[in-house]
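Please construct the entire structure, taking both the sequences and the accompanying hints into account.
Quick note: the sequence shown, position 42, residue 31 per this note's numbering, numbers continuous.
Quick caveat, the hints were computed from the structure, so don't treat them as lab data.
Hints are not guaranteed to be accurate.
Below are the DSSO-like pairs computed for lysine-lysine, each with C-alpha atoms no more than 30 Å apart in a straight line [said to hold, decoys possible]:
id: 1; residue 1: K80; residue 2: K119
id: 2; residue 1: K107; residue 2: K123
id: 3; residue 1: K80; residue 2: K123
id: 4; residue 1: K97; residue 2: K119
id: 5; residue 1: K97; residue 2: K123
id: 6; residue 1: K115; residue 2: K83
id: 7; residue 1: K22; residue 2: K129
id: 8; residue 1: K107; residue 2: K80
id: 9; residue 1: K129; residue 2: K83
id: 10; residue 1: K99; residue 2: K129
id: 11; residue 1: K132; residue 2: K97
id: 12; residue 1: K128; residue 2: K99
id: 13; residue 1: K80; residue 2: K132
id: 14; residue 1: K115; residue 2: K97
id: 15; residue 1: K83; residue 2: K123
id: 16; residue 1: K123; residue 2: K22
id: 17; residue 1: K80; residue 2: K97
id: 18; residue 1: K99; residue 2: K22
id: 19; residue 1: K22; residue 2: K115
id: 20; residue 1: K119; residue 2: K83
id: 21; residue 1: K119; residue 2: K22
Predicted, not measured: the structure shown is a model, and the values here were computed from it.
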Amino acid sequence: MTVDDSQFPISILVLIHDKISPTNLVKYIYMNKPLSILIEEDNELAELCCRVLTVNGFNIERVLTREEALTRLELETPDMVVIDLGHPIDKAVKDIVYRIRHDERLAKTKSVILADNKDIAAPFRKTADKILIKPVTEKKLQKIMG
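Here it is in structure tokens:
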């Protein structure tokens, strides 16, 4: 008898495939969750974003600089990129959003901009999927997840 294990939660998979190693189980769990790259220097805001993203099923890769994010985008295909928009707007943020919109490999990647005010966010109204104006709250973040 063959079993289509895509129908079962992981706990049942472990029972069916009793020879699965803990390492392979962790890989299975990790590989089946969407990835979000978080570009945020402020630890408090980063913790809030990580908490909401984790609750919504994301693996999070946090980078501290926009340049690091550009490097990660060359290596990864994230489901979402959350970008803290610095003031003044630097070229790297524009490059990140441009790459997400124009790289065929990143066509399904959602971009979320965190901005100090509407004026700073204005250049991204047509290119970002979501814009959150600070202060960012758990409620605001949760709203964009739905």
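Hints and how they fare:
no.: 1; hint: K80 <-> K119; verdict: holds (19 Å)
no.: 2; hint: K107 <-> K123; verdict: holds (9 Å)
no.: 3; hint: K80 <-> K123; verdict: holds (21 Å)
no.: 4; hint: K97 <-> K119; verdict: holds (14 Å)
no.: 5; hint: K97 <-> K123; verdict: holds (26 Å)
no.: 6; hint: K115 <-> K83; verdict: holds (12 Å)
no.: 7; hint: K22 <-> K129; verdict: holds (22 Å)
no.: 8; hint: K107 <-> K80; verdict: holds (18 Å)
no.: 9; hint: K129 <-> K83; verdict: holds (23 Å)
no.: 10; hint: K99 <-> K129; verdict: holds (16 Å)
no.: 11; hint: K132 <-> K97; verdict: holds (19 Å)
no.: 12; hint: K128 <-> K99; verdict: holds (19 Å)
no.: 13; hint: K80 <-> K132; verdict: holds (28 Å)
no.: 14; hint: K115 <-> K97; verdict: holds (16 Å)
no.: 15; hint: K83 <-> K123; verdict: holds (19 Å)
no.: 16; hint: K123 <-> K22; verdict: holds (28 Å)
no.: 17; hint: K80 <-> K97; verdict: holds (23 Å)
no.: 18; hint: K99 <-> K22; verdict: holds (15 Å)
no.: 19; hint: K22 <-> K115; verdict: holds (28 Å)
no.: 20; hint: K119 <-> K83; verdict: holds (15 Å)
no.: 21; hint: K119 <-> K22; verdict: holds (21 Å)
Going through the hint list in order, the structure satisfies each hint without exception.
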